[in-house]
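Make a model of the complete structure from these sequences and hints.
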Amino acid sequence: MLGSDVLLCFIFYSTLLILKMYIIAIFTGQVRLRKRAFANPEDADRHGGVQFCRTDPYVERCRRAHVNDMENILPFLFLGAVYSMTGPSYAVARLHFLVFFLGRVLHSIAYLLALKAPTRSFAYVIAQVPCVSMAIQILMEVASFA
Numbered sequence: 001m002l003g004s005d006v007l008l009c010f011i012f013y014s015t016l017l018i019l020k021m022y023i024i025a026i027f028t029g030q031v032r033l034r035k036r037a038f039a040n041p042e043d044a045d046r047h048g049g050v051q052f053c054r055t056d057p058y059v060e061r062c063r064r065a066h067v068n069d070m071e072n073i074l075p076f077l078f079l080g081a082v083y084s085m086t087g088p089s090y091a092v093a094r095l096h097f098l099v100f101f102l103g104r105v106l107h108s109i110a111y112l113l114a115l116k117a118p119t120r121s122f123a124y125v126i127a128q129v130p131c132v133s134m135a136i137q138i139l140m141e142v143a144s145f146a
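With this note's numbering applied, the sequence shown covers 1 to 146.
Take the hints with a grain of salt, since some may be wrong.
Below 25 Å or equal to it, Euclidean Cα-Cα: the simulated BS3-like pairs (lysine-lysine) are [stated by the list, open to error]:
{"hint": "1", "residue 1": "116", "residue 2": "35"}
{"hint": "2", "residue 1": "20", "residue 2": "116"}
{"hint": "3", "residue 1": "35", "residue 2": "20"}
Since the hints were derived computationally from the structure, they do not count as laboratory data.
Take a look at the structure:
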């Protein structure tokens, strides 16, 4: 009922990526609680007082990891969905989705654990390769209609 094998594969990896984003968001909230570093006075007041309405370097690192996910996963969701409609080979499409997923997981791990450079940059680039590839293939597919 959902469609082709490529679309089902895309849905699988997209769902994993969204779950990963939720995990990072929950992790960020837990770090805020542990570090007692809240973004809003009402939250700080509930957990000990307005003096805990402050920033913390590790909370900010977690938050940046989450923002980076949104900046990269949301475009992937569009590109992957449209790419799935272009009739790509299942093996090639699966490779695109898997490489992006693994790149984003490695990127999050590198960000949260502050791994040595260029680990995070490498993961970022690796995850961008399938996105660029999908974008080019989409453009080639629709160029005659523009």
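Hint by hint, here is what the structure shows:
For the suggested pair residue 116 and residue 35, the alpha carbons sit about 24 Å apart, so the restraint of at most 25 Å is met. With a C-alpha separation of about 22 Å, the suggested pair residue 20 and residue 116 falls inside the 25 Å cut-off, and the hint holds. The hinted pair formed by residue 35 and residue 20 meets the criterion: a straight-line CA distance of about 22 Å does not exceed 25 Å.
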